[in-house]
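Please take these sequences and the hints and turn them into a complete structure.
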Amino acid sequence: QRDVFLNNYMFTGIRADLTKIFSMAPLFQVSHQFAMGERINPYTFAAMYGTGKVFCQGNLDNEGSLSGRFNYRWTDKLVSKSQLSISPGGQDMAQFEHEYTGDDFSASLKMLNPSFLEGGMTGICIGSYLQSVTPRLALGLETL
1 QRDVFLNNYM
11 FTGIRADLTK
21 IFSMAPLFQV
31 SHQFAMGERI
41 NPYTFAAMYG
51 TGKVFCQGNL
61 DNEGSLSGRF
71 NYRWTDKLVS
81 KSQLSISPGG
91 QDMAQFEHEY
101 TGDDFSASLK
111 MLNPSFLEGG
121 MTGICIGSYL
131 QSVTPRLALG
141 LETL
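Residue 122 in full-length UniProt numbering sits at position 122 of the sequence shown; the count goes up by one each step and never skips.
Just so you know, the hints here were simulated from the structure itself, not pulled from any lab data. Wrong hints could be hidden among the right ones.
Here are the simulated SDA-like pairs of lysine to any residue, each with C-alpha atoms no more than 20 Å apart in a straight line [said to hold, decoys possible]:
#1 53 to 68
#2 81 to 62
#3 81 to 57
#4 110 to 64
Rendered as structure tokens:
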């Protein structure tokens with residue numbers, strides 16, 4: 001019997017991941033990724049830390065691109081999330097999201113590349129609200 005593993009990470013070449021889990025509670029692990037091929041970074045270092053309230057993940061590759069994600073659970077219903085990406089000579093990105101989940105609704109505010117340095121607020125702000133109307137139907141709205 002043959003099994004097929006389908007994923008979005010199609011590439012030509014060779015890749016090896018070495019992962020070391022130091023702890024499960026709290027979760028702490030690091031990994032090293034080595035690759036040879038087209039459009040693949042030859043080396044990437046990743047680290048991850050997580051508890052019931054905090055989740056942190058970061059990646060650093062051989063070209064100096066840094067990406068990170070941080071989530072903080074204030075309560076069971078209130079979560080803040082952030083993502084950062086810094087690349088030498090290019091596309092830096094920041095995203096911040098605050099989400100509240102009620103018993104029958106969800107509300108969130110998301111900011112993409114916010115800045116207050118240019119005399120006012122710049123970037124993209126997105127607000128969304130989703131309300132359950134029946135057990136099988138939910139209606140929502142989203143605004144920029």
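Is residue 81 within 20 Å of residue 57, Cα to Cα?
-> Holds. Residue 81 to residue 57 sits at ~12 Å (cutoff 20 Å).
Proposed proximity, residue 62 with residue 81 (alpha carbon, max 20 Å) | 26 Å, violated
Satisfaction of hint between residue 68 and residue 53, Cα-Cα up to 20 Å = Holds. Residue 53 to residue 68 sits at ~17 Å (cutoff 20 Å).
Is the Cα-Cα distance between residue 110 and residue 64 20 Å or less?
-> Answer violated: residue 110 to residue 64 is near 27 Å, above 20 Å.
Of the numbered hints stated above, those contradicted by the structure are hints 2 and 4, listed in ascending order.
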